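S.K.: Here is what each chain is made of, one letter per residue.
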Amino acid sequence: MADVLLKLSGLLIFFGILFSLARLVIGRTIVDRIVAIDMLTVITISLIVLYSHVSGRFIYVDVALVYGVLSFLAVLAVARYLERGL
Amino acid sequence: MAETALREILGSFVVLAGAFFLFSAGLGVLRMPDAFTRIQAGTKATTLGNLLVMLGVGILHPDWALKLLLVAGFVLITNPVSSHALARAGHFIGIPMAPSTGADALRDDENAKAEKAKAEKAGAENGADRAGDGA
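Line order of the protein sequences matches chains A and B.
The first sequence begins at 0 in numbering that gives the first Met the number 0 and counts up by one.
The second sequence begins at 0 in numbering that gives the first Met the number 0 and counts up by one.
Calculated from the structure, these hints are not laboratory results.
Bear in mind that the values here come from a model prediction, so they are computed numbers and not experimental data.
Beta carbons are placed, not taken as given, at the ideal position from N, Cα and C, and that holds for glycine.
Worth double-checking, as some hints may not be accurate.
[Stated by the list, open to error] Listed below are the simulated SDA-like cross-link pairs for lysine to any residue, each with C-alpha atoms no more than 20 Å apart in a straight line:
1) B:Lys43 x A:Lys6
2) B:Lys66 x A:Val65
3) B:Lys43 x B:Leu75
4) A:Lys6 x B:Ser23
5) A:Lys6 x A:Tyr50
6) B:Lys43 x B:Ala16
7) A:Lys6 x B:Leu50
8) B:Lys43 x A:Phe57
9) B:Lys43 x A:Ile36
10) B:Lys43 x B:Asp107
11) B:Lys43 x B:Asp33
12) B:Lys66 x A:Ile47
13) B:Lys66 x A:Thr40
14) B:Lys43 x B:Arg30
15) B:Lys66 x A:Leu17
16) B:Lys66 x A:Lys6
17) B:Lys43 x A:Thr40
18) B:Lys43 x A:Leu17
19) A:Lys6 x B:Asp33
20) B:Lys66 x A:Asp61
21) A:Lys6 x B:Leu54
22) B:Lys117 x B:Leu105
23) B:Lys66 x A:Arg79
24) B:Lys66 x A:Ser54
25) A:Lys6 x A:Arg56
26) B:Lys43 x B:Leu69
27) A:Lys6 x B:Arg6
28) B:Lys43 x A:Arg56
29) B:Lys66 x A:Ile36
30) B:Lys117 x B:Ala102
31) A:Lys6 x B:Leu75
32) B:Lys43 x A:Leu23
[As the list claims (entries may be wrong)] Some but not every residue of chain A turned toward chain B, in silico, with C-beta under 8 Å:
33) Phe18
34) Ser19
35) His52
36) Phe57
37) Ala63
Given only the sequences and the hints, what does the whole structure look like? Please build it.
M.R.: Have a look at this one:
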């Protein structure tokens with residue numbers, strides 16, 4: 000039962016990543032692409048934590064935390080660059 | 000034993016709810032009409048989905064709860080900040096809005112501020128002229 004539920008949630012997360020990747024490719028403006036990247040990072044944090052449950056290793060939660068910090072800085076840097084240059 | 004099985008099923012359901020919100024965020028970011036509504040749909044739904052996934056994994060592994068709480072709090076703080084900075088930058092560089100947009104409060108605010116600055120400048124010049132006449 001629990002395995003089936005976890006597989007189903009993995010499938011839903013896969014489709015979320017697929018849709019935001021489609022937005023990243025077709026984009027049209029730069030803000031659309033950065034929003035897609037921001038969303039992908041948050042989904043990836045959830046996916047890393049879920050994988051740490053599936054594999055049973057606590058260390059991957061630390062990986063998710065560091066990944067979140069770095070991606071947040073990346074999005075802020077791009078927003079600042081758009082607003083007033085480097 | 001029964002308690003462990005119950006906890007696993009409950010945590011898996013909460014993780015499934017979070018995954019559904021992540022999926023709907025992807026759908027929103029694909030289907031929304033312009034960049035600002037995409038920011039809205041993507042950021043809010045992914046925040047809720049991420050919180051639910053953290054809660055579900057926390058139910059499955061109660062001894063990981065502290066670090067999961069740290070990750071959840073971090074996402075809860077940084078995600079609105081990055082989306083706000085991104086929306087402000089997009090408005091500043093003139094990303095077009097959907098034709099059905101009703102109000103743009105930031106543009107009205109900037110127009111009012113520019114008019115006020117222009118009026119103050121004109122008033123200062125008039126005052127300087129009058130002072131010159133008096134002398």
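S.K.: It remains to establish, for every hint, whether it holds in the given structure.
M.R.: Tested hints:
1. B:Lys43 x A:Lys6: Not OK: B:Lys43 and A:Lys6 at ~24 Å, beyond 20 Å, violated.
2. B:Lys66 x A:Val65: Since the Cα atoms of B:Lys66 and A:Val65 sit roughly 12 Å apart, the hinted pair holds (cutoff 20 Å).
3. B:Lys43 x B:Leu75: holds (10 Å)
4. A:Lys6 x B:Ser23: With Cα atoms ~17 Å apart, A:Lys6 and B:Ser23 stay inside 20 Å; holds.
5. A:Lys6 x A:Tyr50: Between A:Lys6 and A:Tyr50 the Cα gap is close to 11 Å, so the pair holds against 20 Å.
6. B:Lys43 x B:Ala16: OK: B:Lys43 and B:Ala16 at ~15 Å, within 20 Å.
7. A:Lys6 x B:Leu50: holds (19 Å)
8. B:Lys43 x A:Phe57: violated (27 Å)
9. B:Lys43 x A:Ile36: holds (15 Å)
10. B:Lys43 x B:Asp107: violated (25 Å)
11. B:Lys43 x B:Asp33: holds (16 Å)
12. B:Lys66 x A:Ile47: holds (13 Å)
13. B:Lys66 x A:Thr40: holds (18 Å)
14. B:Lys43 x B:Arg30: holds (15 Å)
15. B:Lys66 x A:Leu17: Since the Cα atoms of B:Lys66 and A:Leu17 sit roughly 28 Å apart, the hinted pair is violated (cutoff 20 Å).
16. B:Lys66 x A:Lys6: Outside the cut-off at roughly 24 Å; violated.
17. B:Lys43 x A:Thr40: Satisfied, since the Cα-Cα distance of roughly 14 Å is no more than 20 Å.
18. B:Lys43 x A:Leu17: Within the cut-off at roughly 18 Å; holds.
19. A:Lys6 x B:Asp33: violated (33 Å)
20. B:Lys66 x A:Asp61: It holds: about 8 Å lies between the C-alpha atoms, which stays within 20 Å.
21. A:Lys6 x B:Leu54: holds (18 Å)
22. B:Lys117 x B:Leu105: Holds. B:Lys117 to B:Leu105 sits at ~18 Å (cutoff 20 Å).
23. B:Lys66 x A:Arg79: Outside the cut-off at roughly 30 Å; violated.
24. B:Lys66 x A:Ser54: holds (17 Å)
25. A:Lys6 x A:Arg56: Cα-Cα ~18 Å, so holds.
26. B:Lys43 x B:Leu69: holds (19 Å)
27. A:Lys6 x B:Arg6: holds (17 Å)
28. B:Lys43 x A:Arg56: violated (29 Å)
29. B:Lys66 x A:Ile36: Violated, at about 25 Å.
30. B:Lys117 x B:Ala102: violated (24 Å)
31. A:Lys6 x B:Leu75: violated (26 Å)
32. B:Lys43 x A:Leu23: Since the Cα atoms of B:Lys43 and A:Leu23 sit roughly 18 Å apart, the hinted pair holds (cutoff 20 Å).
33. Phe18: holds (3 Å)
34. Ser19: Cβ of A:Ser19 sits 5 Å from chain B, so the hint holds.
35. His52: It holds, given that the least Cβ distance between A:His52 and chain B is near 5 Å, below 8 Å.
36. Phe57: holds (6 Å)
37. Ala63: holds (6 Å)
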